[in-house]
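If you read the protein sequences in the order shown, they are chains U and Z.
For the first sequence, numbering that gives the first Met the number 0 begins at 0 and goes up steadily by one.
For the second sequence, numbering that gives the first Met the number 0 begins at 0 and goes up steadily by one.
Just so you know, nobody snuck in bad clues.
Okay, the calculated bits of chain Z under chain U, using three or more residues with CB under 8 Å as the criterion:
| no. | stretch |
| --- | --- |
| 1 | 9-22 |
| 2 | 188-195 |
| 3 | 234-244 |
What the hints contain is simulated information worked out from the structure, not anything from laboratory work.
Beta carbons: idealized from backbone N, C-alpha and C, even for Gly.
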Amino acid sequence: MPVTVRIPTPLRKLTNDQDSVTANDGGTLAQLIDSLEEQHPGLKERICDETGELRRFVNVYVNGEDVRFLSGLETLIEADAEVSIVPAVAGGC
Amino acid sequence: MSFANALRCRECNREYPLDPIYVCEFCFGPLEVVYDYAAMRKAVSRESIERGPASVWRYADLLPCDADAAVDIQAGFTPLIKAERLGEELGLRHLYLKNDCVNPTWSFKDRVVAVAATKAREFGFKTLACASTGNLANSVAAHAARAGMEAIVFIPSDLEQGKITGSSVYDATLIAVDGSYDDVNRLCSELTGQYPWAFVNVNVRPYYAEGSKTLGYEVAEQLGWRAPDHCIVPLASGSLYVKIWKGLQELVKLGLIDSVHTKMSGVQAAGCSPIISAWDSGTRNIRPVQPRTIAKSLAIGNPADGFYALEVMAESGGSGLAVSDEEVVEGIRLLARTEGIFAETAGGVVCSGLKRLAAAGRVDRDEVVVAFITGAGLKTQEAVMDTLTPPLQIEPTIASFEKAFGERSVVEARPAAGSAS
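So here's chain U without its partners, still in its complex pose (with noise of 0.2 Å):
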């Protein structure tokens, strides 16, 4: 079963437009990275640091949980997951 990745807008030149697209589920959240960035050359820089790591102002959900109150990029993405990329900074006073 494929998952569903949203794009937040910043994101969206590199996948034409589109507010999500389809990865395939099964592994964990850094492979999915990987798997979009070969779909989308130029995501994953987007998203991780130099050290691969999730970048400062990224916040990434599954099913609407934070990956950090997670198992971070090691988190498991089942079959009907719901992927978020979210921009960090927003809200708040």
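Position chain Z relative to chain U; hints supplied.
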């Protein structure tokens, strides 16, 4: 006129036009307004500001929007009060309170929304939206009403009643989300890409956040054009705290004050203190938390500006501290009892935080200290209601009065200073 001329990424310095965008397309860093300070410096003086209106718009030249078309409900220029009685209780000789409870919707949020609403209308938006813990929703609803715009505000479903009424009275559409503020915020971040609305703290956030600088400007002006020695500020996302600091720095840049030697101290409620936890562990990496505190206006578990708040704390030589929910209530009552100001829970956090900092010697007794009281207590009555002395119930007779009043005097002596804590 506005001297804003671009947006720039705080992380990688890429520049962008002044559009309704908020993150760098490359690194997701926050975008910040860039100004032509040289031109601004020529245009503003202490006198030109002092001649301006008694609102945030006296600093219009330092803001990123056109004041001639302002959405204006008279936000800002709130009193700076010398707090003699609270100061005496805490052992501080020059304590001032910046009383932002008296804004039009009773919180400092009117400052940021004044700028955001004005900018949103400039961009041609017809709808104002936000992710809010309550105070922001109130202000967005009121400003939208004033501007003849539609308001759609998103809040966590467990908010205090006063904050719900304080939005719905303006005929805003309230969306109560079954989740925490961080869930609301995530949802709004995603909706921003789907709907043509101005989410004040998402896609117009770079402009919105600049409104908080006016707290720094006002305090310096009200102290006779000098920066305080120490600021005590509540931390939620960290944006307010960072922008007060920026406001003071800008006044130096513009030649309006001589220097800034201000220590910036930040306080959170212990039940939601991701910034203080990072500060205490000496790291700049903020671990998000699930908030559990009565200080709902500060209950942001994933603070957007936490990283920058930690930088300001270190750079300014300030302190960070978290207080318990019991202390939040005590702080509200201490402030009310000594200074006649009824603050919401964030004010209780500030007041108790200041008390602890003073007791620990981290605020010096001779410093000029400003504590920022950011919202009014009628909005969060639930927080203190059960701790207050109920009215004396009597018959309309002198005998009944004297009996009840006499018993009160015997049973409960008039609270002396310090007895509530």
